Structure formats: C-alpha cells, structure tokens
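*Asks:* Position chain B relative to chain A; hints supplied.
There are 2 protein chains.
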Amino acid sequence: MATSLLSRQLVLSLQQNLRLTAPGCRYVSKAAAKTQMEFEYDGPSMKTEVPGPRSKELTKQLGEIQNVGAINFFCNYEESRGNYLVDVDGNRMLDVYTQISSIPIGYNHPSLIKVMSNPNNMSAFVNRPALGIMPPENFPEKLAESLLSVAPSGMSRVQTMACGSCSNENAYKAMFIWYRNKERGHNIPSDEDVSSCMINQSPGCPDFSILSFMGGFHGRTMGCLATTHSKAIHKLDVPSFDWPIAPFPKLKYPLEEFTRENAQEEARCLEEVEDLIVQWRQKGRPVAGIVIEPIQAEGGDNHATPDFFKKLRNIAHKHGSAFHVDEVQTGGGATGKFWAHEHWGMDDPADIVSFSKKMLTGGFYHKDELQADKAYRIFNTWMGDPSKNLFLAEVLNVIRRENLLEEVTRSGKTLLQGLYQLQDQYPNLLSSARGQGTFCAIDIRDDATRNSILLKARDKGVLLGGCGDRSIRFRPALVFKEYHVHMFLNVFSDVLAEHN
Amino acid sequence: MATSLLSRQLVLSLQQNLRLTAPGCRYVSKAAAKTQMEFEYDGPSMKTEVPGPRSKELTKQLGEIQNVGAINFFCNYEESRGNYLVDVDGNRMLDVYTQISSIPIGYNHPSLIKVMSNPNNMSAFVNRPALGIMPPENFPEKLAESLLSVAPSGMSRVQTMACGSCSNENAYKAMFIWYRNKERGHNIPSDEDVSSCMINQSPGCPDFSILSFMGGFHGRTMGCLATTHSKAIHKLDVPSFDWPIAPFPKLKYPLEEFTRENAQEEARCLEEVEDLIVQWRQKGRPVAGIVIEPIQAEGGDNHATPDFFKKLRNIAHKHGSAFHVDEVQTGGGATGKFWAHEHWGMDDPADIVSFSKKMLTGGFYHKDELQADKAYRIFNTWMGDPSKNLFLAEVLNVIRRENLLEEVTRSGKTLLQGLYQLQDQYPNLLSSARGQGTFCAIDIRDDATRNSILLKARDKGVLLGGCGDRSIRFRPALVFKEYHVHMFLNVFSDVLAEHN
Chain A
1 MATSLLSRQL VLSLQQNLRL TAPGCRYVSK AAAKTQMEFE YDGPSMKTEV
51 PGPRSKELTK QLGEIQNVGA INFFCNYEES RGNYLVDVDG NRMLDVYTQI
101 SSIPIGYNHP SLIKVMSNPN NMSAFVNRPA LGIMPPENFP EKLAESLLSV
151 APSGMSRVQT MACGSCSNEN AYKAMFIWYR NKERGHNIPS DEDVSSCMIN
201 QSPGCPDFSI LSFMGGFHGR TMGCLATTHS KAIHKLDVPS FDWPIAPFPK
251 LKYPLEEFTR ENAQEEARCL EEVEDLIVQW RQKGRPVAGI VIEPIQAEGG
301 DNHATPDFFK KLRNIAHKHG SAFHVDEVQT GGGATGKFWA HEHWGMDDPA
351 DIVSFSKKML TGGFYHKDEL QADKAYRIFN TWMGDPSKNL FLAEVLNVIR
401 RENLLEEVTR SGKTLLQGLY QLQDQYPNLL SSARGQGTFC AIDIRDDATR
451 NSILLKARDK GVLLGGCGDR SIRFRPALVF KEYHVHMFLN VFSDVLAEHN
Chain B
1 MATSLLSRQL VLSLQQNLRL TAPGCRYVSK AAAKTQMEFE YDGPSMKTEV
51 PGPRSKELTK QLGEIQNVGA INFFCNYEES RGNYLVDVDG NRMLDVYTQI
101 SSIPIGYNHP SLIKVMSNPN NMSAFVNRPA LGIMPPENFP EKLAESLLSV
151 APSGMSRVQT MACGSCSNEN AYKAMFIWYR NKERGHNIPS DEDVSSCMIN
201 QSPGCPDFSI LSFMGGFHGR TMGCLATTHS KAIHKLDVPS FDWPIAPFPK
251 LKYPLEEFTR ENAQEEARCL EEVEDLIVQW RQKGRPVAGI VIEPIQAEGG
301 DNHATPDFFK KLRNIAHKHG SAFHVDEVQT GGGATGKFWA HEHWGMDDPA
351 DIVSFSKKML TGGFYHKDEL QADKAYRIFN TWMGDPSKNL FLAEVLNVIR
401 RENLLEEVTR SGKTLLQGLY QLQDQYPNLL SSARGQGTFC AIDIRDDATR
451 NSILLKARDK GVLLGGCGDR SIRFRPALVF KEYHVHMFLN VFSDVLAEHN
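Those sequence lines, one after another, are chains A and B.
Sequence positions in the first sequence follow UniProt numbering and run 1 to 500.
Sequence positions in the second sequence follow UniProt numbering and run 1 to 500.
Looking at chain A on its own, in the form it has when it is part of the complex (with noise of 0.2 Å):
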C-alpha cells in the first residue's frame, strides 16, 4: 500500500514540477510550490490501526471528564504537516476532514507560524479584551485587511464573534430588531415593549420566527437549534420553538443532467416556502428571516441551483422578510470562490452572512440596514477574539499569493471527475457525486457500509467525515493539489474494492 502511494506520489510530484515549469503557467508560484513540496510530508504512513493504544489509553483518561463517544483519537498537532494529520500512535494520515472543516491551509503552516513569533503580535493572544468597549488600536485596521476584504458582494459592515453558533444567534437577533423596527415605522419601543419584555412576553419579545430548512444546520444553541434539522440527536429533548420549515429541493445528480426534475423540484419547495410565510403570518409569528446554507453539509450534502437561491432571495424581498446566508462550513474558500453563494452570481445575494470554522473567527457581515439601532443591542464580552483576525489575515494573504481558490477550482476537478469514475465503476455502491471545488460529497449504499468504508479508508491513511444519512462528505484544506486528489482516490479506490 504505501509503496504505491509512495510511488504514485512522485509521479505526480514530477507532472506537478513539469507543469511549473511549462511557459504561460501561472496559477502558482514556483517559489509556494517549492514551500509546499518541501514542508510537507510525502504520504500518509500507518503504524497502528486507528485508534491506536495511546488514544485508546487517553481516551480512557480524558472519559473520567467528559464524554468520549465522539473521540476519533488523539493527536500530535506538533508533527503534523500541510494536508497531514499525525496522531499520538505515530500514524500519518491524509485529512480530508480538517477538524470538521475548519483547519483552512493545513497544519502548522509557516506563515502561521511566523505570525505567532512576531513580538508585534504578542499582546493580541495574551490580553482578550472586551472589543465592543476598549478595542486595541489596529483594530479596524485588521478587520480592514482581514474580514472586509472578501466581504460578500454589497456588505461593507462585519461584527466578528466567538463561534459558529454565537454568530448565527446573533445574526437572527439582528434580523428581529430590523423587522421590529420595520413593523414599529420607526426605533423607538413603547412602555409596554420595554415591561413586557423584561419577563419574556409579547409585545416587547415579540413572537416572530425564523424560517429553515429540512436537512438545515446552523448551531446548537437554542435559537440556532431551532433552525436546525438535520439530526435528531442534535435537537431531542431540547425545548424549541414553533416556527416553519420548509422542505429543501431533492435534487439528482449531476444536476445539469436532470435540470428539468431539479427545477420542478425547486418550484415545489419555494411555493412551500411562500406558504409557510403566509401561514406563519396568520398564525401571529411572523417570518423575520429566512436562513440556509448555500450547500446544507450537515445534513447530507445537498446542493441547490442558483435559479433557486435567486428565487429564494425574492420570495423574502416580497415578503418583507431578511434573507440570511450560513457560510460557516461552505465560506473560506473550499467551493473554489470565497463564499459559495457567489456561484449564484448576484449583486445583492443576501441580506447576512455569518461564517466561522475555516474563517478562525465567527462573525457575520450585513447589509447597513440590518445594523442594530443601539448600543448593547448586539452585543457580548468578547464579541470575537484579535488573535484569530490575525491568522485571519495572514491566512488571507496566504489564498491569494498562492493562487489557492484556483488549486481548490482544480483540484475540486479532478476529484469529482475521479467520483464519477468510481461512481461508473461501483454503480451499487456509489451514487449521486457532487461538489463545488473541493467541497464535494458521495453518497454510499448505506449507513453501515458508509460507515465501514470511513473506518476502514482510516486506517489505510485517509481521514474522511460523514454527513447525512450515508453521504461522505470531503472537506480538505484549501492545500490540497491535484497528487493529493489521486493519492486519496488510490485508496478510496481500494477501499471500495474491498466492499463491493
């Protein structure tokens, strides 16, 4: 197994340093490459099975503190490299789960690194202060040069936060406000507003809702909770409330093969949508916003067109109701732009846009109108944390001199070409490939046998993640090049062999 990885890796390192060096060839620097190429490990190298006796013994340590049941194993962040997960028994495996989709330019990259070393950073990291209060000095500077400049298409205005969760909690309460202030004519709350609100009540904690979808992931706090529908265990036994959910398109894959299934589909789901709007209204709980992710990954991978997110965005604007984004998994990058709603080609795609994972911080950027009206309105301790806006920044920078939303766009390629390959090849097994970039998905026949394959690609050196009833879902850093495509699909390749 490794021999061929081995030998399969420098085949491709050779077409790789061929294509370098062809003339009129631009999309990376030599110099990033070379960065690359000598940083990062060669393959994956499997000592143990996974989890091996060390994680197995802290896994046992860390079970007297906590809940283990999702522990995979532990691991060795020092040693690990680039694309390259090392864990504490020595095995090296290629990630393409990155920590839930969140480590965006692999491990310990060097620009990283040099951030934390520069004395000049020192005091972002060691004093956390309260940025809605006392922000340090380079503060706009930062959120200038970081978040502003891959804000989405008409958003100039940011507020940065903690988590994933934290952000979307906020961004819904930004949408209430707005649409509170919208229903009052103006910002002013009554006597009544102010009392009523104070013990949880009507008028002033009006009953609005947010609209989600089925199969929806946006947090697990319990606003956030309550938008979300994609696993019962997330939501069971946790108090919600009554607002609407609409049906998300089911759509076949490759999508341009069944446009006209797909558009029915869509129709159906978007005169639920108008439905449920209106029947929220009549029923006193207005639809303040509506919220979805540009490909819902949690629950299963599921794509929409852009004829249905445009439609989508006019159907809110009718109803009077915000049109909220959640690009905490798909922004960063990984759908080969920045944010996946740009492969919608809109002007004005959104009304909010939160992100996190692979973004650092958590936050959400929105349109000026969606700015809360006072002080202490939005607002929390810490309201996010200078230090990952300086990783932000640099990481930023990284995307850009190593060209790396063109490398995802390849990459992205090669990997769902080498999907429908095993696809063709494994017609029982293997169904409905699809992707964006890299941010691509398989389904597999079922539950178990998805199951097993994870396992079993595991300990052959690649690190994949599920999502869905029996999707896999692949979530490689933006670092990840067309040898890492072939290196994963060789051992996908035998893996599924050993299933069919």
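No wet-lab data here; the hints were simulated from the structure.
Don't take every hint at face value.
Which copy? The list can't say, so a pair holds if one copy fits it or any two copies do.
Claimed, not checked - Listed below are the simulated EDC-like cross-link pairs for lysine to aspartate or glutamate, each with C-alpha atoms no more than 16 Å apart in a straight line:
1. Lys47 to Glu64
2. Lys413 to Asp242
3. Lys182 to Asp193
4. Lys231 to Glu192
5. Lys231 to Asp193
Just so we're clear, the structure is a prediction, and the values are computed from it rather than from any experiment.
*Replies:* This is chain B only, laid out in the frame that chain A set:
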C-alpha cells in the same frame, strides 16, 4: 492630582515592603512582589480627556464597519501593564473594570508572555482542533492541571466551551437531557420523540423550562436570553420562552446589620420560587433547572445570604430540578474564594457550575449524572480552545504562587472599609456599599450622577464600570493590591467631593 497619587503610592509601597520583610509574613513571596512592583507602572498618568483625539478618530473609522455606540476608547495593549490600561492617546488608567471583569492577573503578565514564547505551545495556537473528536495529546493533562485543579465541590467532570453564553446554553441542554431521561426512566427516545423533535414539536422538543431570577444575567443567545432579566435593551424584540421568573431578594446592606428583614425577604422569594415551580408544572412546562448567579452582577451586584442559596438548592432537590450556579462573572477568585459559591460552605453546592471571563475559556462543571448520555448531544466544532487552557493553567500557577486569593481578601477588606467610610461621609450620594473580596459595589444617588462619576473618575485615571440602575461595580484583577485600593479611594474621594 498626579503628585498626591504618587506620594501616596510611595508611602504605600514602603508599607508594603516593610510588611513583606516582617518575620512570619507568608502571604506573598518577596520575589513575586518584586516582580509585580518592577513590572507595573507607579500610578495613572493622563494626557487627554478620555476618549482622546486618537480614540475618537478610530471610533469614527470603526463606525464605518460596526455599531460603535458602546465603544469607550481604543487601547494600546502593548503598553498596558498589570493593573494599568494604556489607551491610544497615551492615557494610563488604573483598571478597576478589567474588560468587563475578564482579565485575571492584569495586562501582559510576564508568566503569560512566557506561555506564548514557549515553542512547545506554538501548535496549540496555530492548529485549533475539533476538541470533541480529535483532541491534542496533552488535553486530559491540561484539563487536570487547569480546570480540574479548581473544580467545585462534588464535581469531577468539565466541558469547555468558547464563551459564557455557549457555556450556559449547553448547561441548559445538559439539564433538559437529564430531566427528560429521568422522566422517561431510561434514555431511549421513542419514535415519536425522534420524529417530533425534527420539527421543533413536543414530545421530542418538550415544553420544559428553566427558572431564573429577575435581575439575573446569563448571556444573550436565545436560550440564555430567556433567563436574563437585567436590562430591557438586552431582550427587546427577541422572541423568548414562557419560563418562570422569580424575584431575587432585595436585601439591605450591610447584610449583617439587617439580618431579620433580609431573612424575611429571602423567605418571601423562596416561597415564590416554590409557587412558580408548581404553577409551571401545572402549565405543562416543568422546571428542569434553576439558574442563579451567586451575586447578580450585571443586574446590580445584588447579594443574597448563604442561607438563601442553601434553601434554594434544597428546593431544587425537592422538586427534582437541576441547580445551575452561573459563575461566569463571579468565578476565578475575585470574591476571595476561587468560586463565589464556596462562601456558602456547602459540600454539594450545585449540579452545574458554568464559567468564562477570568477563566479565559468558557465551560461548565457538572455532576456525573448531568453528563449527556450519548455522543454529539453536547457538541460543536471547537468545544473551547486549547490555547486558552494553556493560559488558564499558568494563571492558576500565578494565583497559587502569589497567594492571590489571600491578596484579594485583604485588598477587598480595605476596599469595602473605604467604601463604608465614603458612604458615611457622603450619605446623600452613596449607599449600600457591599462586596466579597474585591467583587464590590456601591449605589449612587441616581443614574445620571453614577454616569457622571464614572466619566470623571476615568478622566482622573481610574477606570470603573456600572451595573444595575445606579450602581458602580468594582472588578479589578486579582493582582489589585492594597496600595491600588488606596490609590483608587484617593481618586474616588476627589470625584465624590465634586458631586456632593
């Protein structure tokens, strides 16, 4: 002003040094005190009014990106040291607010700088893992030497989270899950549970409630917000849950002078708690948990007696509700004990204790039975941040090495005595001085005077925060020594004289 402060400082330093050399004096090591003395500035130094011109300019810049209504001024964290916060206009202020009570051992503490410059720690900053699935090798060890080394009585399990709100949200979920399994008599959900929870409906999303207290603050995400009742601006326009809200005792201070009236008031509130539990059970929204702060902080530094908390804890027991003590603001040593609830002297003070702020990481401790029964129920991508655990471990070392809890107790006594004296001196201006350790507060005649005092003190180099309707809260770092107290009282006294 500066002269009087400086001379006072000199006298105090001298006293401090004399005390340190006295035989048998063990509460602070000579070396530690020396570090502190050399490291820190010797007093406030003001160059401009606050905010100064540079802060105003930056506020304008940030205003293009965010709502800046809550911005006080911009800081130069590089130049800040110990108890002194330096702003971008070169003003150096004695910080008695510490980023909303979240800086444990002052700015740029040399021990924390060391954590940063240790190359072994690099990877914890650069590679943020998904702790719930792939923790770093040293994670159990770091938890043991940091959070578990200060675990509340009866608790050996802890879950880290990114911030205070996420900590409370997840603590609430843990209580709901625990309560529902208790109700079921087992932990196997029915098919109806599973299907109904996916659409936010009971029985899968049961109509459980959390009982909270008027004046309480537990965060601003939607679950937390349903239990926050300190100020209308936090809650206005955000949908909420119909959950019971009990009165928090309104006591007279000093507590020991009004024992009988205070006991009556506490009895009244406890009776109301029991009534509400019964009422909400009858409504079909049983109280799964009770959440309370040991001192209501944001709501106005409202205290209750150990007797009240003991009885409340018994009521929770009696009615089968979990008892959640929110130590986000009170925890970490400022009351002179590591946890404020330790002042109650109970072996079994709570089922859940949540924390954040001075602990640098969010999270919650819980009793064994409150652990979620299955994986992925209390879960999110990051589940905290190991780099914060590194800092916390070092903060705890410093607290122990420098006996900071004893320091806090001593400084706190001096602070409270000073406040009592000022209150006697200005009976029309001040009332209800109160506190534990340096976690003190005092009431001002009215809101406008309070705010004016805060601004005047700031322009004289002392940074304070408000809470409640008309209180000032004192939230210095744990390295706030007696001479800092005198320095503060000196300035405060001048400011009060101007307001009398």
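*Asks:* None of the hints should be skipped; say for each whether it holds.
*Replies:* Checked hints:
| no. | hint | in the structure |
| --- | --- | --- |
| 1 | Lys47 to Glu64 | neither (27 Å within a copy, 54 Å between copies) |
| 2 | Lys413 to Asp242 | neither (42 Å within a copy, 51 Å between copies) |
| 3 | Lys182 to Asp193 | within (15 Å within a copy, 38 Å between copies) |
| 4 | Lys231 to Glu192 | between (39 Å within a copy, 14 Å between copies) |
| 5 | Lys231 to Asp193 | between (36 Å within a copy, 12 Å between copies) |
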